[in-house]
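Peer 1: Chain by chain, the residues:
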Amino acid sequence: MNVVTIAVRELRSLFVSPLPWAVLAITQAFVAYAFLVKLELFLQLKPHLPGLPGAPGLTAIVVAPALKAAGMVMLLAAPLVTMRLISEERRNATLSLLLSAPISMTDIVLGKFLGVMGFFCVVVLVILITPLSLLAGGNLDVGLLASGALGLLLLMASFAAIGLFMSTLTAHPPVAAISTFGVLLLLWNMDWAGTGAAEGVRPFFSYVAATSHFNALLQGVVDSADLIYSLLIVAVFLLLAIRRLDNMRLGH
Amino acid sequence: MGEDSLVEVANLHRRYGDVHAVQGLNFQLRRGEVLGFLGPNGAGKTTTMQMICGVLAPSEGAVRIGGVDLFESPIEAKRQLGYLPEQPPLYREFTVDEYLRYCAHLHGLRKQDATTAMGEAKERCGLQSSGARLIGNLSKGYQQRVGIAQAILHRPAVVVLDEPTVGLDPIQIREIRELMGELGDDHGVILSTHILPEVQAVCDRVQILHEGRLVLDEDLAQLSKNQQPRSTRVSFRRPPSRTALTGVAGVKRVESLDGDALRLHHAPDESLAERIVSASVAGDWGLYELVPESRSLEEIFVELTLGEADGNREAGS
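Residue numbers (my numbering), protein chains in the order written: chain A, 1 to 252; chain B, 1001 to 1317.
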């Protein structure tokens, strides 16, 4: 119950600021751009597709790249949304309200996480409106779309958990934002390290990279390993955040 | 330990790196008591209050709230706590009602209970007509009231207020002091302040902290007893000889002050006024000023926190 109270407050505070609206608008604009470019490509390819064996469909050509574009925007936007979570409470001295209330650190961290995830669900739903418009005149592979949406949501869940942890490290929201961005960028591009490396190392780096798991889901491959990868990241960073809050009281 | 002790602090220490901010505090707060924490800046008042409220972990020692150990079962202990930190923990983007409802939910009050508690707290803090206003738009004094409302909202057994009257105008200060007096009837209240008259106005007991140690812990009633005048300042148009003055019954010692004024020392439970006046009339000394001098809380405070050496001499005399 405490978790819900904190999550609701977080969402409310978020939505009275202009930030989430800007995030929604910019994500939407960028996704629409990617969507239209790919739709144009599909229309050019369309006459040739029926002759090809195993040719990609409308959803694979148009929707997957649009969702990937959304993932890239969130790489930038997520740190801005998560930066305030704990650091602003520290800065405005409101954290003591939570610390002196009869709730646990776990409640605080889970509440904050769920609050952000509430907003991220709204983002994903709004993004999905664009691909769903294809239903009006085309043959949409709903299963592929659902798997892609799940991939995007899991990606954003790991972003939220990492951002939440980074926000416990500093009382300055911008510092939390840039640190989160650094970590996310590293996670996104982790597979770079594999490209020139020996055979044995390469799969490891590509496995650790967030993109490889996201891409699998965008292609409609729902593998429990990919789901567990995201859930593991979420669990680890939430635990770190709880530990960090606990240690903050010992502080200095 | 007594059943009525709401807060028990035992051997509390807090270190910030090399700084030993709180050095072995021991005290208790009883039900129905208003305890004033007094001390210069940096004496450890805020640190102590933060430790009592679980915001800061002590380096050593224990805190029990209503018999429950704050570190073993923090959630149960914190249920009985209301805390107003030095800077009120307010969300500026919320209205007063939204904020108080959130606080009520945090303390486990639901729907009807929350609404009732909010109504009571707003009434006690004079916020009845401010419910729909944004906290960010309120004046400092009203923000402070919202902070206090938040601390007493869930009717906690122990209310801890860190400098509750800072930033308030004199009328508001009077109202808040009245409120603290009321709270003291059925709750235990700990408040910190630099303002000495405030302690005398609302507290039952005063503790003076200095450099992390308790240098005074006394009931205010006891304190005012100790503060009874020990000397009388007098001025005469035609000053008599010293021997004539020491001849007046009760005068122990005569001290010359600036100008014509003299200070007559006497035992604390005696009053010289009547005898001096009749002696003056009999001897035609022309008495025109007579002031019984008492040690104010301010003097005790300054003595305890500034002049260690002076304090020792005073204690010895």
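One thing to keep in mind: the hints can contain errors.
Said to hold, decoys possible - Cut-off 25 Å, straight-line C-alpha distance, at most; resulting in silico cross-link-like pairs (SDA-like, lysine to any residue):
1) K1111/B / L231/A
2) K1140/B / E88/A
3) K1111/B / R91/A
4) K1140/B / A157/A
5) K1111/B / E88/A
6) K1140/B / S13/A
7) K1111/B / S13/A
8) K1111/B / L11/A
9) K1111/B / S104/A
10) K68/A / A157/A
11) K1140/B / R90/A
12) K1111/B / P102/A
13) K1140/B / S104/A
14) K1111/B / R12/A
15) K1140/B / T106/A
16) K1225/B / V1251/B
17) K1140/B / A171/A
18) K1111/B / A157/A
Stated by the list, open to error - Derived list of chain A stretches under chain B, where covered just means 3 residues or more per stretch with a C-beta under 8 Å from a C-beta of chain B:
19) 65-76
20) 88-96
As the list claims (entries may be wrong) - Listing some non-contacts, in silico: residues in chain B with all C-beta distances to chain A over 10 Å:
21) V1251
22) V1254
23) P1292
Please keep in mind that the hints were generated in silico from the structure rather than gathered at the bench.
Positions of the beta carbon are idealized from the N, C-alpha and C atoms, including for glycine.
Peer 1: All hints are to be evaluated individually against the structure, with a verdict given for each.
Peer 2: Checked hints:
1. Of the pairs offered as hints, the one joining K1111/B and L231/A is violated, with about 34 Å between alpha carbons and a cut-off of 25 Å exceeded.
2. Straight-line distance between C-alpha atoms of K1140/B and E88/A comes to about 20 Å, which keeps the hinted pair within the 25 Å bound.
3. For the hint linking K1111/B to R91/A, the alpha-carbon distance of about 31 Å lies beyond 25 Å, and the restraint is violated.
4. Distance check on the hinted pair: K1140/B and A157/A sit about 39 Å apart at the alpha-carbon level, beyond 25 Å; violated.
5. A distance of roughly 28 Å separates the Cα atoms of K1111/B and E88/A; the hinted pair therefore is violated under the 25 Å criterion.
6. Under the criterion of a C-alpha separation no larger than 25 Å, the hint pairing K1140/B with S13/A is consistent with the structure, at around 21 Å.
7. A hinted pair counts as satisfied when its Cα atoms are at most 25 Å apart, and K1111/B with S13/A qualifies at roughly 21 Å.
8. Proximity of K1111/B to L11/A is assessed by CA-CA distance (about 20 Å); at most 25 Å being required, the pair is judged to hold.
9. A distance of roughly 22 Å separates the Cα atoms of K1111/B and S104/A; the hinted pair therefore holds under the 25 Å criterion.
10. This hinted pair checks out: K68/A and A157/A have alpha carbons roughly 15 Å apart, not beyond 25 Å.
11. As the CA atoms of K1140/B and R90/A are separated by approximately 20 Å, the hinted pair is consistent with the 25 Å bound.
12. With a C-alpha separation of about 18 Å, the suggested pairing of K1111/B with P102/A holds against the 25 Å cut-off.
13. Restraint check: the Cα-Cα separation between K1140/B and S104/A comes to about 31 Å, which exceeds 25 Å; the hinted pair is violated.
14. Distance hint between K1111/B and R12/A is fulfilled; the C-alpha atoms sit about 19 Å from each other, no more than 25 Å.
15. Between K1140/B and T106/A the alpha-carbon distance is near 33 Å, which puts this suggested pair outside the 25 Å criterion.
16. Distance hint between K1225/B and V1251/B is fulfilled; the C-alpha atoms sit about 20 Å from each other, no more than 25 Å.
17. A hinted pair counts as satisfied when its Cα atoms are at most 25 Å apart, and K1140/B with A171/A qualifies at roughly 24 Å.
18. Of the supplied pair hints, the one linking K1111/B and A157/A is violated, its CA atoms being roughly 31 Å apart against a limit of 25 Å.
19. Given as covered by chain B, the segment 65-76 of chain A fails the check, having 0 residues with a CB less than 8 Å from a CB of that chain where 3 are the minimum.
20. Taking a C-beta to C-beta cut-off of 8 Å, the segment 88-96 of chain A contributes 5 residues in contact with chain B, enough for the three needed, and the coverage statement holds.
21. Even its closest Cβ contact with chain A, about 56 Å, leaves V1251/B beyond 10 Å, as expected for a residue assigned away from the interface.
22. Residue placement check: V1254/B keeps its beta carbon more than 10 Å from all beta carbons of chain A (closest about 55 Å).
23. Distance check on P1292/B: its Cβ is at least 46 Å (rounded) from any Cβ of chain A, clearing the 10 Å threshold; non-interface status holds.
Consistency with the previously given hints fails for numbers 1, 3, 4, 5, 13, 15, 18 and 19, ordered from lowest to highest.
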